[in-house]
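Residues per chain, in single letters:
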Amino acid sequence: MSDDVRFARVIDAQPEAVFAAFTEQHGQEAFYGDDEPGWIVESECDLRVGGLWSVTFGYSRDELHRHDHVFRVIDRPSRLVVDTTESRADGSSLEFEIEFIFEERDGKTLMTMMQRGLPTAELREEHRSGMPNAFARLERVIVG
Amino acid sequence: VQYNATLDRTFFALSDPTRRGILARLGRGSATLGELAEPFGLTINGVKKHVGILEEVDLVVTAKVGRARECQLGPAQLEDATEWIDDYRRTWQGRLDRFGSYVEKDAGR
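The listed protein sequences correspond, in order, to chains G and L. Using this note's numbering, you'd call the opening residue of the first sequence number 1 and step up by one each time. Using this note's numbering, you'd call the opening residue of the second sequence number 1001 and step up by one each time.
If we strip away everything but chain G, and leave its shape as in the complex, we get:
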C-alpha cells in the first residue's frame, strides 16, 4: 500500500496541451482559482529545474495563502515533480512533494497528482495498528 495521496482526472486534450496549460500563468491561476467573488490568485513561474513557481491565493489580501513549488523534475510533456512549501495565513507551514503525471489515454490525458510527506501517512499507519477511534474513516478518505 502506497503512502501517496493521489488525485486524478481525465482531461479532453492531448498531454502536450495539458502540460503547456499547466506551466503557464493562466492555467496555473485556473488551477488555484475559485468562483467566490473577490477571490485572489496570482502565479509566477520559472519553469526550469531548481526554478520557483510561486502562487498566492485567498479571499482577501489580509489572509493570503502561498504555495512555493521548486521544480525538481521537468519531463515535458509527461511529468513534473516539485517540492512544495504551503505557507498559511496564520504563519504556520506544511512541506510536501507533489508529482504531476500526464499520460495519453485515447487522445485524452489522464492527469494524476501524487502528494507525499503529508501527515496523513502517519494517520493511516495509526489505522493499520488498530487504534480504536475515528481512524476507521481514514482508509476511505486517503485511498479514495
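Among the hints, erroneous ones may be present.
[Claimed, not checked] Label-pair ranges, simulated between beta-carbon atoms: (1) L:G1034 - G:R6: 40 to 46 Å; (2) L:R1090 - G:S60: 18 to 24 Å; (3) G:D46 - L:G1029: 52 to 58 Å; (4) L:P1017 - G:Y59: 35 to 41 Å; (5) G:R66 - L:A1068: 47 to 53 Å; (6) L:A1024 - G:S78: 37 to 43 Å; (7) G:V49 - L:A1068: 56 to 62 Å; (8) L:P1017 - G:I74: 33 to 39 Å; (9) G:R116 - L:T1043: 48 to 54 Å; (10) G:E97 - L:G1094: 19 to 25 Å; (11) G:R88 - L:K1105: 27 to 33 Å; (12) L:G1029 - G:E104: 51 to 57 Å; (13) G:L110 - L:F1040: 24 to 30 Å; (14) G:G51 - L:D1087: 28 to 34 Å.
None of these hints come from the bench; they were simulated from the model. Ideal Cβ positions, reconstructed from N, Cα and C, are used throughout, including at glycine.
Since chain G is already given, all that's left is putting chain L on it; use the hints.
For chain L alone, coordinates are given in the frame of chain G:
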C-alpha cells in the same frame, strides 16, 4: 481549508512511533506509567514526556491511583484531523477539476 493550533499539535503528537505505540497499547486497556515504560525500553521520565504530549491534545488522560499514575485513552476522537483530510482532498481534487475544465474550454476554442 481551516487550520488550527490544536490540529498541528495532534499531528505532531501522532508523528512519533513511540507515542503511536503507547496509544495502541492503551487501546487494549489502561496502564500505569511503569507498565507503559517497560515494553518501550523507556524510563519513567521518558514515558512521562511522551504521555504529556498525548495528554495535551486529549489523546490520553491520566489519574493518580494510589502511588501510581494510570493512563487511558482520552476523549479526543480526532474528528478535526479527519475533517482536515476531507477538506484537503476536496480542495486539491477541486483544483484538478477546475484546471481540467479550463483546458477543455481553451482547447475547444
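Here is how each hint holds up against the structure:
no.	hint	result
1	L:G1034 - G:R6: 40 to 46 Å	holds (43 Å)
2	L:R1090 - G:S60: 18 to 24 Å	holds (21 Å)
3	G:D46 - L:G1029: 52 to 58 Å	holds (56 Å)
4	L:P1017 - G:Y59: 35 to 41 Å	holds (39 Å)
5	G:R66 - L:A1068: 47 to 53 Å	holds (49 Å)
6	L:A1024 - G:S78: 37 to 43 Å	holds (42 Å)
7	G:V49 - L:A1068: 56 to 62 Å	holds (58 Å)
8	L:P1017 - G:I74: 33 to 39 Å	holds (36 Å)
9	G:R116 - L:T1043: 48 to 54 Å	violated (35 Å)
10	G:E97 - L:G1094: 19 to 25 Å	holds (20 Å)
11	G:R88 - L:K1105: 27 to 33 Å	holds (31 Å)
12	L:G1029 - G:E104: 51 to 57 Å	holds (55 Å)
13	G:L110 - L:F1040: 24 to 30 Å	violated (45 Å)
14	G:G51 - L:D1087: 28 to 34 Å	holds (30 Å)
Consistency note: the structure conflicts with the earlier hints numbered 9 and 13.
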